[in-house]
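I would like the entire structure built from these sequences, with the hints used as guidance.
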Amino acid sequence: MTDTPRSHIRNFSIVAHIDHGKSTLADRLIQMTGSIEDREMKEQILDAMDIERERGITIKANTVRLEYDAKDGEHYVLNLIDTPGHVDFAYEVSRSLAACEGSLLVVDASQGVEAQTLANVYQALDNDHEIVTVLNKIDLPAAEPERIKAQIEDVIGLDASDACMISAKTGLGVDTVLEAIVTKLPPPKEGERDKPLKAMLVDSWYDSYLGVIVLVRIIDGVLKKGQTIRMMGTDARYPVERVGVMTPKMVMVDSLGPGEIGFITASIKEVADTRVGDTITEDKKPCAKPLPGFKPAQPVVFCGLFPVDAADFEDLRAAMGKLRLNDASFSFEMETSAALGFGFRCGFLGLLHLEIIQERLEREFNLDLIATAPSVVYHLNMTDGSVMELHNPADMPDTVKIGSVEEPWIRATILTPDDYLGSILKLCQERRGVQIDLNYVGKRAMVTYDLPLNEVVFDFYDRLKSISKGYASFDYQLKDYREGDLVKMSILVNDEPVDALSMLVHRSQADRRGRAMCEKLKELIPRHLFKIPVQAAIGGKVIARETISAMRKDVTAKCYGGDATRKRKLLEKQKEGKKKMRQFGRVEIPQEAFIQALKMGDN
Amino acid sequence: MSVNRDDGTPGFGVYVHWPFCAAKCPYCDFNSHVRHQPVDQPRFAAAFRRELETMHARTGPKEVTSIFMGGGTPSLMQPETVAAILDTVAELWTVPDGIEITMEANPQSADAGRFAGYRAAGVNRLSLGVQALNDADLKFLGRLHDAREALDAIELARGTFPRLSFDLIYARPGQTPEAWKTELEEAIAHAADHLSLYQLTIEEGTPFFALHAAGKIATPDADAGAALYELTQEITGRHGLPAYEISNHAMPGAESRHNLTYWRYGEYVGAGPGAHGRFVENGRRIVTMAERVPEAWLARVEDRGHGVADGEVLTRGQEADEMLLMGLRLREGLDLARYEETAGRPLLPERIAVLQDEGLVEPLGNSRLRVTPAGMIVLDAVVADLAR
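The listed protein sequences correspond, in order, to chains A and B.
Going from the first sequence to my numbering is simple: count from 1 and add 51.
Going from the second sequence to my numbering is simple: count from 1 and add 294.
Hints listed in this document are in silico derivations from the structure and should not be mistaken for laboratory results.
Just so you know, even glycine gets a beta-carbon here, dropped at the ideal spot from N, CA and C.
A hint or two may mislead.
As the list claims (entries may be wrong) - Heads up, simulated SDA-like pairs for lysine to any residue below, C-alpha to C-alpha not over 25 angstroms straight-line:
hint : chain 1 : residue 1 : chain 2 : residue 2
1    : A       : K609      : B       : I529
2    : A       : K618      : B       : P320
3    : A       : K630      : B       : E644
4    : A       : K618      : B       : R578
5    : A       : K335      : A       : R288
6    : A       : K494      : A       : A170
7    : A       : K630      : A       : P584
8    : A       : K609      : A       : L580
9    : A       : K624      : B       : I580
10   : A       : K618      : B       : L642
11   : A       : K609      : B       : T476
12   : A       : K618      : B       : E498
13   : A       : K629      : B       : V648
14   : A       : K620      : B       : A516
15   : A       : K624      : B       : D323
16   : A       : K620      : B       : V607
17   : A       : K592      : A       : V638
18   : A       : K609      : B       : N428
19   : B       : K318      : B       : G407
20   : A       : K630      : B       : E652
21   : A       : K573      : B       : A518
22   : A       : K582      : B       : D674
23   : A       : K582      : B       : Q650
24   : A       : K620      : B       : I496
25   : A       : K624      : B       : V648
26   : A       : K373      : A       : I319
27   : A       : K629      : B       : E644
28   : A       : K631      : B       : V648
29   : A       : K618      : B       : D517
30   : A       : K609      : B       : A316
31   : A       : K626      : B       : D674
32   : B       : K510      : A       : D605
33   : A       : K618      : B       : I580
What the hints assert, rightly or not - Part of the chain A face toward chain B, derived, beta carbon under 8 angstroms:
hint : residue
34   : M602
35   : Y611
36   : K618
Below, the structure written as structure tokens:
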């Protein structure tokens, strides 16, 4: 099989907001083209990880090859690359889009366009994609297809008059989507069988049976089993062991020709040996020029991850190593904290990425973790002229050595029903935002703001959701680094600094954050036998202070012969509890207090 | 006949539990049961005898330093039953003349009518469950007596027994410091040599627990409770009844020998439903816990000679914990040398130093550590700091 003529190939991806039905539509397409037997069908087949299915999100790009007999009587091969919808995985989106010529834009017929959709559809347009608009969930009573069509035309500027009207859930109208893919999306634009092999490395992942699997899109030439390939970026050579396609089961084929998407294995040891966007060519007959490639994804949010039980440290290290096999965008290095013991400083693409990694570590590896407050990467311009990247506020050098501090800014797009606009603008202003644009589309407002990422990693998203009752959607991309009046705020408990709680804040926010942290700790640290001052300080200056009063009464009134057992058991429990406390000078802080304090947002 | 003085040793006590009450008080989580059929007292007396014989076989011959009959309501026992139990103890172990023999009693007139009989049976110390000296609070506490009956019982007991103690419960809902002061001073005027003054504690599983959870009973908060405790120390101290334990006050020399055995972590055997014992057997300290339901206990004893349903052999660490948490309740403090011998290691000096800095503990001469009056009110936290 394969070696399909280029004119009969369609490579496409699906752009959609979370919950708008992307994975369900993918399931339906797979089913209707008979790529998988009904008995093998399970919900959201492309979301392989439990966490993807549960959260209804896609984390890793996935691909499936559909064989379709169109109404024109011809046989087509449709390659679907399923992409993550979330901004944290934008770089995965961009490389998936680069491997395709068209996209399905799936919009919920009652919810309409959301910020994420917007960002991804613009990315698709930037990649010169043709777009087929699909209105999903038209069978729901709340569906308003005409209004949503108008919104798509207004907000995105796409002609939605011939949008496919479907219900992915029931299968209604899904046949029109298949036809539209063939008739409206273009075949691969270029590609010659006779030219030297030129293929794009779209993605790679680790499979415990087959080793590293590399997903490729062929531009020119033919990729065959037994060929020796060369990665042009890393200059590494590998003999190709297997060539195949995903249906989504892995099916071996003899070769892949121009325009086709498939996978190879080639005794590559680690995912880290493959560079996404790299150009694959034949070693003995290389192509002249590599593809432009991608910038590697840079972690933008950092936090410390510590095992609750210090004995789990080595298990945590092993678990992180395993996750990194499949996710080169996640980084970690060892860190020691007086509060939390041994752990790792980890870098993530964003907050969702952080949350997902943490959840996978806890769930798949059965680890109990404490995560410190997320922080961003600061650039410190030192007085000696050097530039230092600061990943951890605890590593902040002496202020006299620092000339200036730069922090990352993002450009955020927020779509909201106009009822909530006032509160959202206020939130953005409070977070030092700079308004760039404000438009109305019907009763929805679209606001563009530049915001310091530092203010967003805190609890911006939760606050946004709560003030808009869940209706506002939010997306962002990293913009640039800007100088800011950033200071390190330390938290002192009974005059001892608690490293895990120190943070970099903008001077204008310091009072508010310091006060909030002190108030929170006052609630979280149990009363001791003595009173405990809790302070927030910048340099030597205390900016907020609370006092935890000494314990007033804690005594058992009656204790005779028969009570000794019960009291001893209580004492044993208390001793067990104390093991989960961290000692700061004379103060014992429960681990739970750290978790809660670090979770906290501004209020 | 006078009652022997405390010689300062941990001692060896015998505890007998009478599990029946005329009515259940809503604050009480002790092992007490209400029966509407008459209790077959001779049968219970025989069962106590069998169980005490079994205990004696385990402890071997020993000299008893005190006997205590608690409950439940032991004053529901016929004097003959009491006499039978005391005779049994004296037959089995060595019981020197004049050791403290305490019995708990309720102030109802019916019970008071038996006081002379108890005295004749050998009881030389009565502990009366007075609980309050005003009728409204007695009713709230579910007691069957009124204030008049309580005062009458106190007078009668004072004329009958060489030694007398009574209990009061304070920190009741809505109780002001002034009201408590008046009530406590009235109690002291009735001149017992010993008082047990307990702050009302809401215990799980009691009717008060449910009411408290539902917000229908409001007990004083920690600050108010602490203030009432301090007031209590001040008044009792002024009247010559200082605390020798968290909730127990005595004229010097009138401390409860039996209860000192618990706090000094001495040995004791327990007989009767739900009774606990702690004594050394084969070189290890063991705990016995008896079946709690009276009829089930009875059947067990008649069947196998004892009602023990559960027990454990304590490790040295467990023994040390118990010795610590009991011993620090006493004004005389904890014997550190004995603690170290039991635990196999001393208390951590740096922990003691921190608590001493805060004025919560103080070292005494003769290798003892004691909790200061300021520390007593947070004793559970002090103990948790010192235990390891």
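Here is what the structure says about each hint:
Taking the CA atoms of K609 (chain A) and I529 (chain B), the gap is near 20 angstroms; set against the 25 angstroms cutoff, the hint holds. Between K618 (chain A) and P320 (chain B) the CA atoms are separated by roughly 22 angstroms; this keeps the pair inside 25 angstroms, and the hint holds. In summary, the hint linking K630 (chain A) to E644 (chain B) is supported, as the alpha carbons are separated by about 18 angstroms, within the 25 angstroms threshold. Taken as a hint, the K618 (chain A) and R578 (chain B) pair is honoured in the structure, with Cα atoms around 20 angstroms apart against an allowance of 25 angstroms.
For the suggested pair K335 (chain A) and R288 (chain A), the alpha carbons sit about 11 angstroms apart, so the restraint of at most 25 angstroms is met. Using a Cα cut-off of 25 angstroms, the hinted pair K494 (chain A) and A170 (chain A) holds, with the two alpha carbons roughly 20 angstroms apart. Between K630 (chain A) and P584 (chain A) the alpha-carbon distance is near 23 angstroms, which keeps this suggested pair within the 25 angstroms criterion. About 21 angstroms separates the Cα atoms of K609 (chain A) and L580 (chain A), which keeps this hinted pair within 25 angstroms; it holds.
Among the hinted pairs, K624 (chain A) with I580 (chain B) is consistent with the structure: their alpha-carbon atoms are about 21 angstroms apart, no more than 25 angstroms. Between K618 (chain A) and L642 (chain B), the direct Cα distance comes to roughly 21 angstroms. Compliance with the 25 angstroms bound is thereby established for this hinted pair. This hinted pair checks out: K609 (chain A) and T476 (chain B) have alpha carbons roughly 23 angstroms apart, not beyond 25 angstroms. Taking the CA atoms of K618 (chain A) and E498 (chain B), the gap is about 14 angstroms. The hint holds against a cut of 25 angstroms.
The hinted pair formed by K629 (chain A) and V648 (chain B) meets the criterion: a straight-line CA distance of about 17 angstroms does not exceed 25 angstroms. Note on K620 (chain A) and A516 (chain B): the hinted pairing holds, with a Cα-Cα distance of about 24 angstroms set against a maximum of 25 angstroms. For the hint linking K624 (chain A) to D323 (chain B), the alpha-carbon distance of about 22 angstroms falls within 25 angstroms, and the restraint holds. Simply put, K620 (chain A) and V607 (chain B) have alpha-carbon atoms about 14 angstroms apart, close enough for the 25 angstroms limit, and the pair holds.
Restraint check for K592 (chain A) and V638 (chain A): satisfied, since their Cα atoms lie roughly 22 angstroms apart, inside the 25 angstroms limit. With a C-alpha separation of about 23 angstroms, the suggested pairing of K609 (chain A) with N428 (chain B) holds against the 25 angstroms cut-off. Taken as a hint, the K318 (chain B) and G407 (chain B) pair is honoured in the structure, with Cα atoms around 21 angstroms apart against an allowance of 25 angstroms. With a C-alpha separation of about 23 angstroms, the suggested pairing of K630 (chain A) with E652 (chain B) holds against the 25 angstroms cut-off.
For the hint linking K573 (chain A) to A518 (chain B), the alpha-carbon distance of about 21 angstroms falls within 25 angstroms, and the restraint holds. A hinted pair counts as satisfied when its Cα atoms are at most 25 angstroms apart, and K582 (chain A) with D674 (chain B) qualifies at roughly 17 angstroms. Note on K582 (chain A) and Q650 (chain B): the hinted pairing holds, with a Cα-Cα distance of about 15 angstroms set against a maximum of 25 angstroms. Between K620 (chain A) and I496 (chain B) the alpha-carbon distance is near 19 angstroms, which keeps this suggested pair within the 25 angstroms criterion.
Among the hinted pairs, K624 (chain A) with V648 (chain B) is consistent with the structure: their alpha-carbon atoms are about 22 angstroms apart, no more than 25 angstroms. Taking the CA atoms of K373 (chain A) and I319 (chain A), the gap is about 16 angstroms. The hint holds against a cut of 25 angstroms. Distance hint between K629 (chain A) and E644 (chain B) is fulfilled; the C-alpha atoms sit about 17 angstroms from each other, no more than 25 angstroms. Annotation: proposed proximity of K631 (chain A) to V648 (chain B) holds, straight-line Cα distance about 21 angstroms (limit 25 angstroms).
For the hint pairing K618 (chain A) with D517 (chain B), the CA-to-CA distance comes to about 23 angstroms; that is within 25 angstroms, so the pair holds. Of the supplied pair hints, the one linking K609 (chain A) and A316 (chain B) holds, its CA atoms being roughly 22 angstroms apart against a limit of 25 angstroms. Pair hint K626 (chain A) plus D674 (chain B) holds up; C-alpha atoms about 12 angstroms apart against a cutoff of 25 angstroms. Taken as a hint, the K510 (chain B) and D605 (chain A) pair is honoured in the structure, with Cα atoms around 23 angstroms apart against an allowance of 25 angstroms.
The straight-line distance between the Cα atoms of K618 (chain A) and I580 (chain B) is roughly 16 angstroms, inside the 25 angstroms bound, and the hint therefore holds. Taking 8 angstroms as the C-beta cut-off, the interface hint given for M602 (chain A) holds, the closest approach to chain B being about 5 angstroms. Hint status for Y611 (chain A): holds, given a least beta-carbon distance of 5 angstroms to chain B, under 8 angstroms. Taking 8 angstroms as the C-beta contact cut-off toward chain B, the hint placing K618 (chain A) at the interface holds, the least distance being around 5 angstroms.
In terms of the numbered hints stated before, the structure departs from none.
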